[in-house]
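If you read the protein sequences in the order shown, they are chains A and B. If you use the working numbering, the first sequence corresponds to residues 8 to 403, in order. If you use the working numbering, the second sequence corresponds to residues 802 to 1025, in order.
Since the hints were made in silico from the structure, they are not lab data. Warning: the hint list may mix true and false statements.
Claimed, not checked - Just so you have them, the derived chain B footprint on chain A, three or more residues with Cβ under 8 Å: (1) 309–320; (2) 389–400.
Stated by the list, open to error - The calculated label-pair distances, taken between Cβ atoms and stated as ranges, are: (3) A:E301 with B:D858: 22 to 30 Å; (4) A:A340 with B:D938: 31 to 39 Å; (5) B:S945 with A:E301: 22 to 30 Å; (6) B:G873 with A:A274: 54 to 62 Å; (7) B:A814 with A:G402: 39 to 47 Å; (8) B:D858 with A:L345: 49 to 57 Å; (9) B:A942 with A:S364: 42 to 50 Å.
Built from N, CA and C at the ideal position, the CB exists for glycine as well.
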Amino acid sequence: MLRHGERIRRYAFTIVGVAIGVAGLVALGAMSERIVRFIDGGDRFVLGQISVAGRGMGMGTGFTAGGLLSAASIRAVAAVPGVAGVQAQVMLPLNPSVSQFMTLTQELILGLDLSVPMSNRSFPSLPVQAGRPLRDGDRQVAVLGASFAASRGLRVGDTLPLDGQRFTIVGVLERTLTAPDRFAIVPIADARSLWVAKDPLLRMALASGGLALTASDLNTGAAVGWRDGEDPDAVALRIRERVADVNVQIPSELSRLLRSSTAFFAALIVGIAVLGLVIGGLSLANTVTAAVFERIRDFGVKRALGATDVQLGREILGEAVVVTLTGGALGIALALALGGSVQLYVARLGQQLFLFSPRLLAGALVFSVLLGAVAATYATVRIVRVSPAEAIRRGA
Amino acid sequence: MLLAEGIWKSFRAPSGAMIPVLRGVDLRVGRGELAVIAGASGSGKSTLLNVLGLLEDAEAGDVMYGGRAVGGLSRSAKSRARGQFVGFVFQSFLLLPALTAIENVVLAARYVGQGGPAARRRADGLLEEFGLSDRRDHYPAQLSGGEQQRVAFCRAVFNDPPVLLADEPTGNLDDANGRVILEALRRRVAEGRAVVVVTHRPEALAGTGSIYQLQEGIVRREGV
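If we strip away everything but chain A, and leave its shape as in the complex, we get (with noise of 0.2 Å):
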């Protein structure tokens, strides 16, 4: 019967007030789905593979963290039962300064054997969103991390000096949200010569002599993978029992000590979710009680022309549905205007501050659908209590 512009223009500012509300809470939502998906990346990489270095302390970082991981002990590792492949690894701080070793978004170079497939469940394979992805037998090329590019605005084709090196950019990797972003992946043997080179240590023990040493020799640690059908922290523990001086991650132990490192992040996304929620959602609730009480008089004459609380709770109902999606598509779309807005910025810093996932913005939707249902509802119940002629008294 109201037509649809009318409706509109006469809704226009509780649509505003919804959308401002369901805007509010998708931007907060959508930091902390950025937070999540960075925790649960993390989870998936570590609990994808057991990680082994070498006994002591290396030059290794992340999960290779530890000593020197020999070619024997790879050969050992690789022979445990349930074993399913071993690959090995050299993984080193991009700027090994202290000050870049206390950060928790440190860049690291990542050199990988790439005569051997990756050994993560998790990630069989790095997804590309341009370019290539290392191949057996590259020399001096690598593959970077979606914010590693980003903040350096580098492309493939581009040229990367690292130590004094030159490497060609032969591919870039989607953005992923956890530790890979911020990766420079190379050839092992690249690597390797980058760690010398970062070493002083290291290059004074080869130039002695006094270690029987080869470049196979240089690893930080590996990725191993496990037979199907094996439990990986019972594969990890064997590893742990039958080859000596290495350093082995169970990765359930791993993936509680990665949890519990992260527990002020899981703390803050629980912290912006009830901040979303409430703010969002009495913004909400509110604009949609006060534009069904501000109308009073309206539904007060309805009544006094037959309309029974049934009939008049369907019609409010009806109007909070229209109104609360059209303002929750508002604010979702001004969320996204929002954000994009704020992640061009911070995107010049390798950064990305919002994930608005399809679940969130769904999830949005229904949220602010079904609460302006319910704030509707009660607003029809508190004005059904007032008597008709009351209600026209009100609202005059």
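Got chain A; can you put chain B on it based on the hints?
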């Protein structure tokens, strides 16, 4: 048609004391009868009309339509009774601002299970009868006071209710528009409907029906 017996109604004063407005009001209005209720401002005329129209509850007494007591019905049953038995004309018109003239008129049909093209045709006919054909798609804000009251009258009689309750129907109108509304009220009476009009100017309807004075919460018949 309309019978009210022993209606009591009080309001709470800011001090908390209960102030009786209606003190055992009795009223009977039959088919084709007009009851004009006069009284000073604040005497309780509108309150009486609201109780008669089931827009608010009495503390004691009952209202009957067609011999059926409706005062004790549930909220929804009262709503249905209003839609079935009563049409209202308010002093301030009370048209819904977001609806056009014809939509306001048809609104009366929505809650009694009517509607559709037939309802719009009937609404068109009523608007034409009141000289509002060219105003059918105007919003209340685009209509004069007289036009709004005529639209409100069309809405009140749309379902052809047996009882029409009018609260100061000419109170906000100029003489010419006031005459149109009074004439329409007389027509309803002539058509055999029961009409109750609350006004502080009963002389305008003198000779048409019974005149009652509401004074100190009691209704007394004054004449015709």
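Results of checking the hints against the structure:
By the rule of at least three residues with a Cβ nearer than 8 Å to a Cβ of chain B, the coverage given for the region 309–320 of chain A holds, with 10 such residues. Residue count for the region 389–400 of chain A with a Cβ under 8 Å from a Cβ of chain B: 6. That meets the three needed, and the coverage hint holds. About 25 Å separates the C-beta atoms of A:E301 and B:D858, a value consistent with the hinted range of 22 to 30 Å. Roughly 33 Å separates the CB atoms of A:A340 and B:D938, a value that falls within the hinted 31 to 39 Å.
At about 26 Å, the beta-carbon gap between B:S945 and A:E301 stays in the expected band of 22 to 30 Å. Distance hint check: the CB atoms of B:G873 and A:A274 are about 58 Å apart, consistent with the given range 54 to 62 Å. In this structure the supplied range 39 to 47 Å is violated for B:A814 paired with A:G402, their Cβ-Cβ distance being about 23 Å. Taken as a hint, the range 49 to 57 Å holds for the pair B:D858 and A:L345, whose Cβ atoms sit roughly 51 Å apart.
Judged by the Cβ atoms, the range 42 to 50 Å given for B:A942 and A:S364 holds: they are separated by roughly 46 Å.
Of the numbered hints listed earlier, the single one contradicted by the structure is hint 7.
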